[in-house]
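K.L.:
Each protein sequence line maps, in turn, to chains A and B.
Residues in the first sequence are numbered consecutively from 1, following the numbering used here.
Residues in the second sequence are numbered consecutively from 1, following the numbering used here.
Simulated from the structure, these hints should not be mistaken for laboratory data.
Computed from a predicted structure; not experimentally measured.
Treat the hints with caution; some may be incorrect.
Derived pair list, reagent style SDA-like, types lysine to any residue, alpha-carbon separation capped at 20 Å [as the list claims (entries may be wrong)]:
# : chain 1 : residue 1 : chain 2 : residue 2
1 : A       : K61       : B       : M69
2 : B       : K220      : B       : D185
3 : A       : K59       : B       : P105
4 : B       : K70       : A       : A33
5 : B       : K70       : A       : R44
Covered by chain A, according to a simulated footprint, are these stretches of chain B (three or more residues, beta-carbon under 8 Å) [said to hold, decoys possible]:
# : region
6 : 64-72
7 : 98-109
Note that CB positions come from ideal geometry on N, CA and C, so glycine has one too.
Read off the chains here:
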Amino acid sequence: MKTLYTVLDHPATKWVFIVFALVMPLASLLTWAERRQSAMMQDRLGPNRAAPTFAPWLKLKGILHFVADAIKMISKEDFIPGNVHRGLFTLAPLLAIGPVLVAFAIIPFGPTIYPHALDGTLDPLALAQDPGGKDFLDSIRMQVASFDYGLIFYFAVLTLANYGGTLAGWASYNKWALLGGLRSSSQMMSYEVAMGLSLMGCFLLVGSLEPGYIVTAGASSKLSPSNPLNWLWLWQFPALILFTTASIAETKRAPFDIPEGEPEIIGYFVEYSGLRWGLFFLAEFIEIVFVAAVITTVFFGGWQVPFLDGDGFRFGGYMVETNGQLVSTGGFVLKVPHALVSALQVGAFGLKVILVCWFQLLVRWTLPRFRADQLMNLGWKLLLPLALAWTMVSALFKLAAMYFGWV
Amino acid sequence: MGASTDGGHGHGGHGDAEPGDAAAGPTVISVSKVSPRVRTIAVVRPTEHDVTYLEATRKGLGVTLRHFMKNFFGRRRPAEALARGEVVTAKSFIPWNEIETIQYPEERTHYPERFRGLHRLMQRDDGTVRCVACMCCPTVCPANCITIIPAEIDEHGVEKAPALFEIDELRCVVCGLCVEACPCDAIRMDSGMHAKPVEERGHAIMTREMLLGVSGEAGKDPKSTATQGGEGPAWRE
Chain A
1 MKTLYTVLDH
11 PATKWVFIVF
21 ALVMPLASLL
31 TWAERRQSAM
41 MQDRLGPNRA
51 APTFAPWLKL
61 KGILHFVADA
71 IKMISKEDFI
81 PGNVHRGLFT
91 LAPLLAIGPV
101 LVAFAIIPFG
111 PTIYPHALDG
121 TLDPLALAQD
131 PGGKDFLDSI
141 RMQVASFDYG
151 LIFYFAVLTL
161 ANYGGTLAGW
171 ASYNKWALLG
181 GLRSSSQMMS
191 YEVAMGLSLM
201 GCFLLVGSLE
211 PGYIVTAGAS
221 SKLSPSNPLN
231 WLWLWQFPAL
241 ILFTTASIAE
251 TKRAPFDIPE
261 GEPEIIGYFV
271 EYSGLRWGLF
281 FLAEFIEIVF
291 VAAVITTVFF
301 GGWQVPFLDG
311 DGFRFGGYMV
321 ETNGQLVSTG
331 GFVLKVPHAL
341 VSALQVGAFG
351 LKVILVCWFQ
361 LLVRWTLPRF
371 RADQLMNLGW
381 KLLLPLALAW
391 TMVSALFKLA
401 AMYFGWV
Chain B
1 MGASTDGGHG
11 HGGHGDAEPG
21 DAAAGPTVIS
31 VSKVSPRVRT
41 IAVVRPTEHD
51 VTYLEATRKG
61 LGVTLRHFMK
71 NFFGRRRPAE
81 ALARGEVVTA
91 KSFIPWNEIE
101 TIQYPEERTH
111 YPERFRGLHR
121 LMQRDDGTVR
131 CVACMCCPTV
141 CPANCITIIP
151 AEIDEHGVEK
161 APALFEIDEL
171 RCVVCGLCVE
181 ACPCDAIRMD
191 SGMHAKPVEE
201 RGHAIMTREM
211 LLGVSGEAGK
221 DPKSTATQGG
231 EGPAWRE
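Isolated chain A (complex conformation) (with noise of 0.2 Å):
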């Protein structure tokens, strides 16, 4: 049993698992959800109909067309045009998507599960008054790396991403692929900077960079981190709209979506064709994954379950500081087994996803696209200086919070 949880508490299998449980199934049903749900907002119906031949009633309202579109993709010519750079044209959408898988990394995606203490109800305060007892001894922490520079690290992985779209630019021989390509890389640099300040308040009124550490803590210390008012969205909603603005133009999509323009103006991967393309396509789902799960972790509270602490729902009660961790203890507690609340918090991790993903798409069809002297005032005219103040902002609250004992 002991290899067994040391197995599954590998950053390997643990990267396996989110990646092939959690992102490509929503970056391939939001290649779905996308069409669907434009559909909806344009009063039309979308793709509905994709069925094997050999069972043409199994139509699932047209979630099979995302098979379909792999299947189209991957049978497609891959057509290389002459002149162009051979290493840098396969190279670049593998590092379109590679980066972002590796983001995934520092998402925690769930509770830390004791595996002696599954079939029972974990006992927070035990757990912080001796983490090494028996029910303790191991443990499976739901995030593959948990490092103090976890954000930092998300900014800096994803800035390679970047080379993706420039380097597809550059390597296709074309000069639309090579404008757009330029658009991409200046999109990128301007956004970038207010996307880190940005969230420069939530680290300053957490203290702490490490998304897990965001989410088991939260804003104040007198509230249970459960507690959807001790969720940052409420403390930094400035941010939220902030990091979000510059989130969705890091992903490229409407209405920031000028590197790619696709019908309009020609983005830098039009001299890509079947599944060289399709890494693009997907690199942009999964990155819209990606910024729906730091959104969720840093402003929703990431995998917790309003009012669900450790050993259950608990409704009032008050937090207490053991052993340097701080347990919620007293209130009215409604005792659920240790397994739910694991499993209750993963689904409430993928629930939230979902729906900011969804928040996303809705975007994405509403607002038309930015003019490019329009994306660039946003961007270092508005978005950069909003973000400094709001840091000062919430120095400022952090150093009064300190003073008067507020959080």
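Position chain B against the provided structure of chain A, taking the given hints into account.
P.N.:
Showing chain B alone in chain A's frame:
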């Protein structure tokens, strides 16, 4: 986007002006003494009143969200009502959605009488093709999609008939000029059918026999009411 919802009238109160403003007209600053029709007017340019785009975004999200919710949770209107463009009244508390899409192969809407569909070749009373290979239709065809090779015959006093009559449905622009040009009602586009999807370009070329068979598929009378030689009522009446 979102630059100006209060807009203002651009040039001289027409074009993009609001209905109320159009009646009032533009603000006149001065009128020329020589010619009273020459006036200097105040031009109202749209102002960037919301640089954050937040107000416009909120408004837009409200519109799309309303449509999404209505279409996501509402019931679909019955296909017959949709096909007739009819507004039905809800009998339950779940409202109708606003989706106008008709599930094409299963549900069909009514095509107008003059809808130009797949070509068909008409037959005489004895079943032979009415076409006399006069070459009017390939001459008038703007897409050069009709190929006719005439042959000499001697039946019913007719001396010519097409040995080969082919229409490339991929090249056809469905303009209907061939039907207009035909002097003896041999070619029509009233089948109400769409050109069939094909996997190879060559399969989109319809031969004489295929064109003669379209009438049967479309359930139309393959024989024209017009009489040969221009006697009797014209078929268009």
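K.L.:
Just pull the numbers of the violated hints for me, sorted ascending.
P.N.:
none
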